[in-house]
Amino acid sequence: MAIAPILTPFAMLLELVIFGMGVYAGYVLKRNYGYFFGFTFLVFALFDYFGSTGVSADTLAILNIIAILSALGGIYLVIAERSGRK
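The sequence shown begins at 1481 in this note's numbering and counts up one residue at a time.
No lab work stands behind these hints, which were simulated from the structure alone. One or more of the hints may lead you astray.
Label-pair ranges, simulated between beta-carbon atoms [unchecked claim]:
1. 1563 x 1485: 38 to 46 Å
2. 1563 x 1510: 28 to 36 Å
3. 1484 x 1565: 39 to 47 Å
4. 1491 x 1539: 35 to 43 Å
5. 1483 x 1563: 20 to 28 Å
6. 1563 x 1530: 35 to 43 Å
7. 1552 x 1503: 17 to 25 Å
All values derive from a computational prediction rather than experimental measurement. We put the CB at the ideal spot given by N, CA and C, even for glycine.
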């Protein structure tokens, strides 16, 4: 029994929950890195969706790079805030 058809929608749901939490952190808590992490997980959800619909590997690779760069920007902002370089 393949578990991917069961796990992928569950993963997408969790990614969308994290997206919502990131927007909350950005908008309500005024933490700019929240937007970055929210966007990252929105792109991961799109990656999973497009991957299950048969979109080309090139498109998925581009989405992956976009998500990674967004996470990199977010973690940079976290480190900058924690080290006082805001």
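Outcome of the hint check:
Between residue 1563 and residue 1485 the C-beta distance comes to about 44 Å, which sits within the given range of 38 to 46 Å. At roughly 19 Å, the beta-carbon separation of residue 1563 and residue 1510 lies outside the given 28 to 36 Å, and the hint is violated. One distance hint, 39 to 47 Å for the beta-carbon pair residue 1484 and residue 1565, holds here, with the actual separation near 42 Å. Distance hint for residue 1491 and residue 1539: a CB-CB separation of about 19 Å, inconsistent with the stated range 35 to 43 Å.
Distance hint check for residue 1483 and residue 1563: the Cβ-Cβ separation is about 42 Å, which falls outside the suggested range of 20 to 28 Å. For the pair residue 1563 and residue 1530, the beta carbons lie near 37 Å from each other, so the given range of 35 to 43 Å is met. Distance hint check for residue 1552 and residue 1503: the Cβ-Cβ separation is about 19 Å, which falls inside the suggested range of 17 to 25 Å.
The structure fails to meet hints 2, 4, 5 from the earlier list, while all remaining hints are met.
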